[in-house]
Amino acid sequence: MSAGAKTAWRVTAHFVVHPPPADWRDELANRIGRRPRRVGLWTELAMYGARRCLDTVGEAALPQGARLRVASLRGAWGATHAGLEQLDAGLPMPFTFMQSQPALMLAEVGRCLEWQGDASFMLCRDPQRLLQLSKLGAARDGLLFGIVEEERNDELPRSEWWRLVPD
Amino acid sequence: MSDVYLASFGLACVLGNDMPSALDALRRGGVPPSPVAVAPGIHWPVYALPPQEGDWTQRVRRTVRSVVAQTGEWGGRTAPLFVASSSLDIGSMELEKQDLRLGGDLQDFADVVAAALDWQGPVFTVSTACTSALNAVLAAADLIRCGEADEALVIGAELDNRFTVAGFGAMQLLAPESAQPFGAGRKGLVLGEAVAALRLGSRPARWCLTGGANVVDGRNPSGTEASAVRAMCHAALAQSGLRPEDVDLIKVQAAGSPVNDAIEAEALKQVFDPLPPLVSLKSSLGHTLGAAGAAELALLVGCIEGGAWPSTGYPLDHTLGIALSTEAPAKLRNILLNVVGFGGGHASLMLRDCSA
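From first to last, the protein sequence lines are chains A and B. Heads up, the first sequence is in the numbering used here, so the first residue is 1 and it goes up one at a time. Heads up, the second sequence is in the numbering used here, so the first residue is 168 and it goes up one at a time.
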């Protein structure tokens, strides 16, 4: 079975931090049993929210057939900014370049959810339209949908996640 | 549920700014990469788009308009638009003064593309590194299959920028001269620039998208994971209702990586026994990253329809136990397109030639 436009969905978990608590990185490291290495702040923030969202509903791992969709307007803002500065200076930037890529965030989120599956970074000015698109064609295992924004200037960091399953 | 068809397509790449010129260049043996400087004394080859006048954004607008025009008349332009890219508008940002960079957001590039086309429909960005365009196709296909849209436009775009070249160079993933997928002397990938447009719809056409899959595996973020290659192939076969022996051609990922090419070849042999004919396009296009799924799909279908075929021009690695086809297979109905990307992304698309 895959979900169509008329499939009813229910939210089984919703988790939001805006901003996260001061010790959120330690909390994540304790929860997953390791401190994330060579990943940027944005990716860590995504890992934290996704993991906590599944914990809310008691899922140790994301089911294999579920979809993972992440949206963000600012993305890995800090790593991209740092990478461009390193480019200007003619410096090599293997780690900042990797940290700037949404695909690396998806890989790390999947890894901390002990999951291999259909993950995508997508964006639309209308978040509801994006959520609707994410549901179409999804399998019975449903969807983990997140919006993750890194801090930028006066804008606070945010990690908000929904676990949804078709009825 | 509606079937999903590839109605038309457009392409601008190193080979030319439209399909006829690209196929002509391919028949002449292709176009070599050009050196791109990322720092004093550090150059990497890139399969670049033909030079154009204007600033970065003007070149984007002109190229996108030209490529989408190749897909035919769109009328009110209210269909969903998917803009797939890995680098988005970083090429514009790197030219800005530092304090003017990054004031916008990740949807800005799609907005530029949509404005260039005077597009009125919903606009989505898909950015999953090398699998971006195939993931955009899969999402667009969901909309059409579920009856939420009659048509959709997918644009894969990877434009000139030093940031990506420097980043891949710093990770020691680039070859110093040319791309040699599955080659005995392969030393890494060579990046490419491209803009490709795919017009998808529910109205029957020659090419039907029968299935596909996207499998992200985070265990090896910069490499190919054999279990994910197998998983994406099996999922694309299952969704298409096909068995491995029904596949007549595989468009491989094969970017020229010493390790990843070998993992891909081995994983394919575990799914397909015997292997169907294989074709690689990255020695002609380069690795066009987020555009690759659309650019390689467009060029492959263009080759089949236009009677052209990419030549290899370098010795293959016989230890891999594979061959690349030197012409289109005589029997050609079901085609599997595979793209594997940075970040552990693995995506497949199954295409059926309804005229075969």
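Treat the hints with care, since some could be wrong.
[Claimed, not checked] Heads up, incomplete: computed chain B residues facing chain A, CB under 8 Å, no partners named:
(1) A206
(2) H210
(3) A296
(4) N302
(5) G314
(6) A316
(7) R329
(8) A337
(9) A372
(10) C375
(11) A395
(12) R397
(13) P443
(14) P444
[Claimed, not checked] Just some of the chain B residues that point at chain A, by a computed CB distance under 7 Å:
(15) S175
(16) L267
(17) L269
(18) G270
(19) Q287
(20) F291
(21) E315
(22) A333
(23) N381
Hints in this document: simulated from the structure, not taken from any laboratory. Note that beta-carbon positions come from the ideal geometry of N, C-alpha and C, so glycine has one too.
Status of the hints after comparison with the structure:
1. A206: holds, 4 Å
2. H210: violated, 13 Å
3. A296: holds, 4 Å
4. N302: Holds, about 5 Å.
5. G314: holds, 6 Å
6. A316: Hint violated; B/A316 Cβ to chain A Cβ min 10 Å, cut 8 Å.
7. R329: holds, 6 Å
8. A337: Status holds, d = 4 Å.
9. A372: Hint on B/A372: violated, closest Cβ of chain A at ~21 Å, above 8 Å.
10. C375: Where the cut-off is 8 Å and the nearest Cβ of chain A is about 17 Å from B/C375, the hint is violated.
11. A395: Cβ of B/A395 sits 6 Å from chain A, so the hint holds.
12. R397: With a closest approach of 11 Å, the B/R397 hint is violated.
13. P443: Not OK, violated: B/P443 not within 8 Å of chain A, min 25 Å.
14. P444: It is violated, given that the least Cβ distance between B/P444 and chain A is near 28 Å, above 8 Å.
15. S175: violated, 23 Å
16. L267: violated, 11 Å
17. L269: Check passed: Cβ of B/L269 comes within 6 Å of chain A, closer than 7 Å.
18. G270: Since chain A brings no Cβ nearer than about 9 Å to B/G270, farther than 7 Å, the hint is violated.
19. Q287: This hint is violated: B/Q287 lies away from chain A, its Cβ roughly 13 Å from the closest one there, beyond 7 Å.
20. F291: holds, 5 Å
21. E315: This interface hint holds because 5 Å falls under the 7 Å limit.
22. A333: holds, 5 Å
23. N381: holds, 5 Å
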